[in-house]
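Participant: Starting from the known structure of chain E, fit chain G onto it as the hints suggest.
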Amino acid sequence: MPSNIEEPPRSAVTSAGRDAAPIDVKAAAEALKYGPRGALLVSSIAVGLLFLGWLAFYFLLFLPRGAIG
Amino acid sequence: MAENPNPPQRDLPDGLVPEEIVVRSERRWFIVMIGMLVVMMAVIVVTGMGQALHPPSNVETTNPVTLHLGGEFAESNLGTAAEPDGSVTVRMIAQQYSFVPSCVKVPAGTPVKFRLTSADVIHGFLLLNTNVNSMVVPGFVSDVRTTFNTPGEYRMPCHEYCGLGHHGMWSRVVVVPKDQFPSMTPIERTSCAEQ
Numbered sequence: 310m311p312s313n314i315e316e317p318p319r320s321a322v323t324s325a326g327r328d329a330a331p332i333d334v335k336a337a338a339e340a341l342k343y344g345p346r347g348a349l350l351v352s353s354i355a356v357g358l359l360f361l362g363w364l365a366f367y368f369l370l371f372l373p374r375g376a377i378g
Numbered sequence: 031m032a033e034n035p036n037p038p039q040r041d042l043p044d045g046l047v048p049e050e051i052v053v054r055s056e057r058r059w060f061i062v063m064i065g066m067l068v069v070m071m072a073v074i075v076v077t078g079m080g081q082a083l084h085p086p087s088n089v090e091t092t093n094p095v096t097l098h099l100g101g102e103f104a105e106s107n108l109g110t111a112a113e114p115d116g117s118v119t120v121r122m123i124a125q126q127y128s129f130v131p132s133c134v135k136v137p138a139g140t141p142v143k144f145r146l147t148s149a150d151v152i153h154g155f156l157l158l159n160t161n162v163n164s165m166v167v168p169g170f171v172s173d174v175r176t177t178f179n180t181p182g183e184y185r186m187p188c189h190e191y192c193g194l195g196h197h198g199m200w201s202r203v204v205v206v207p208k209d210q211f212p213s214m215t216p217i218e219r220t221s222c223a224e225q
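Those protein sequences? They're chains E and G, same order as listed.
Position in the first sequence (first residue = 1) + 309 = the numbering used here.
Position in the second sequence (first residue = 1) + 30 = the numbering used here.
The shape of chain E in the complex, shown without the other chains (with noise of 0.2 angstroms):
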């Protein structure tokens, strides 16, 4: 299969022009100057809320339930 490779290989989604804006260097540094902020805050809420999912379950359902042994 021939292949080019002087270009990096492009997802379809990037050739589709669908893929997120480009930024370059300085605002991406700008935009990280205090940590994944944003990742951080979605990624928080996800295990909270798994965390809660769990605790909701034990206390709500299975200790309700009794014991079975």
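The set of hints was computed from the structure by calculation and includes no laboratory data.
Heads up, the beta-carbon is just placed ideally off N, CA and C, and yes, glycines get one too.
Not the full set, but computed from the structure, chain E residues with beta-carbon under 8 angstroms of chain G:
(1) V334
(2) L341
(3) Y343
(4) G344
(5) F360
(6) Y367
(7) F371
(8) L372
(9) G375
(10) I377
(11) G378
Facilitator: What follows is chain G alone, placed relative to chain E:
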């Protein structure tokens, strides 16, 4: 020449986020994760010890070849039996592809002990909307205890794949009001057919 509106994405260099920010973020995330694990373990240990929670761990053997010849799991002894202490014991046999008996009745608000064994291969049983859940292994007796607080019908499927007819292997436990149970005959307790 017009500028390409979608120029190729360039990889950003490492080191964009200051080192101390990275270290601080990872340390905080690690502390939060450890904290969550500690809370979950504490909840399990405290409630488990406080309420004596543990999985069914009965190790009691039986001979699957001679189940039908006598003893606890002889046909005449299957079904629901009232114990002198007021509790109830349900004895059932799991076999390809049914539980025997296929329906039992137990009283609400009463400790119920399920004792099951298998006549052939490994089966399992659970009661929907309860914590009852155990494997049924040939040669061993599964002993599971629970109390049904509300009358109703509880489906009891086999949850351990046991062969081609596994999907049709299920039983029913009908929980009747506590005051109604003593007046039932032994036949009524092990059959859900209308008398």
